[in-house]
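In my numbering, the protein residues as written are 84 to 353.
Just so you know, the hints here were simulated from the structure itself, not pulled from any lab data.
Incorrect hints may have been included.
[Stated by the list, open to error] Simulated pairs of lysine-lysine, DSS-like, Cα-Cα distance not exceeding 27 Å:
1) K193 / K276
2) K276 / K315
3) K328 / K276
4) K332 / K193
5) K332 / K276
[Unchecked claim] Quick list of the computed label-pair ranges, beta carbon to beta carbon:
6) A229 / R289: 31 to 39 Å
7) G189 / R259: 49 to 57 Å
8) V291 / A253: 53 to 61 Å
Virtual Cβ for every residue (Gly too), placed ideally from N, Cα, C.
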Amino acid sequence: MVKAWMTAALVGALLGFSLVGISRGVSAENVGNLQSGREGNFSASSRQEDLVRLRNFVYPQGFSDQTIVSLENGTVPEDLTVGDYARLHCGESTRMVLHPCIVRYGERGKHAYLVVTQDGNMGFVDLASATGYYRSRVTETTSALAQEIDTINVFVDEFCAEIAAGARPADILMARGGDRPRIHHPIAPPNPKYKYQFSDLFSWARCVDCVGIIAVNQPEEAPAPTCGALRKQSVPHISYFVVDKITSKGHRSIDDGIAEFTRIANNTKR
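Please put together the full structure from these sequences, using the hints given.
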């Protein structure tokens with residue numbers, strides 16, 4: 084079930100200031116509990132406003148209302164594809180992807196590859212093309228994230244300096260066009276509640292021969308607030324977890340992650 088905290092975290096992500104908040108957004112809790120078969124009471128007729136919010140902000144584009152209602156009630160629809168289940172585990176919402184990933188799975192006697200990244204999901208039939216695309220997209224995302232964090236941190240320094248000089252927050256924002264910098268290319272930390280956050284996808288019975296790479300942020304400790312409750316973003320450190328049915332291992336470089344992913348994929352050819 085997609086809990087209320089998921090919606091709150093994604094809203095926080097859209098505001099662009101707390102990657103720590105984003106980390107609580109998409110985790111094994113909302114997708115892992117689906118396998119329990121637990122019945123819920125989410126009704127499209129009685130919760131229409133909630134359904135619209137879930138469709139427009141929380142779930143990936145293309146998910147039908149019927150699918151959303153089933154997932155909210157703790158049931159994986161029979162027609163949900165491995166690719167769409169992967170999109171949930173990789174933290175895809177309508178506007179962003181929290182954990183850029185690549186997933187290899189069996190389909191009709193062959194292997195297929197799905198890359199889930201910011202503004203660029205794509206399917207492939209061969210390993211080299213899939214990993215090449217994943218590398219290019221994630222490299223672009225990590226670079227953009229670093230630049231966005233730098234921009235936010237400069238803003239925080241300048242904003243707090245003006246506050247210390249006696250300026251009012253509303254006047255500072257108005258002078259800057261009424262807005263503040265945001266994170267548009269997040270890579271979220273793993274949820275600390277879950278030792279194996281992404282295992283449910285790869286151990287799912289329908290996920291045949293599944294192996295994947297999940298990008299997560301393991302940032303430095305959050306700095307103290309600069310002024311009031313406003314604090315800078317931590318320096319990001321991106322790790323690449325290679326996950327299959329029985330293992331999950333983190334790698335500090337995308338090259339090492341892709342090398343391990345390729346090794347496992349080549350050892351399970353169809």
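Structure-based check of each hint:
no.: 1; hint: K193 / K276; result: 35 Å, violated
no.: 2; hint: K276 / K315; result: 24 Å, holds
no.: 3; hint: K328 / K276; result: 20 Å, holds
no.: 4; hint: K332 / K193; result: 25 Å, holds
no.: 5; hint: K332 / K276; result: 17 Å, holds
no.: 6; hint: A229 / R289: 31 to 39 Å; result: 37 Å, holds
no.: 7; hint: G189 / R259: 49 to 57 Å; result: 52 Å, holds
no.: 8; hint: V291 / A253: 53 to 61 Å; result: 56 Å, holds
Consistency note: the structure conflicts with earlier hint 1 alone.
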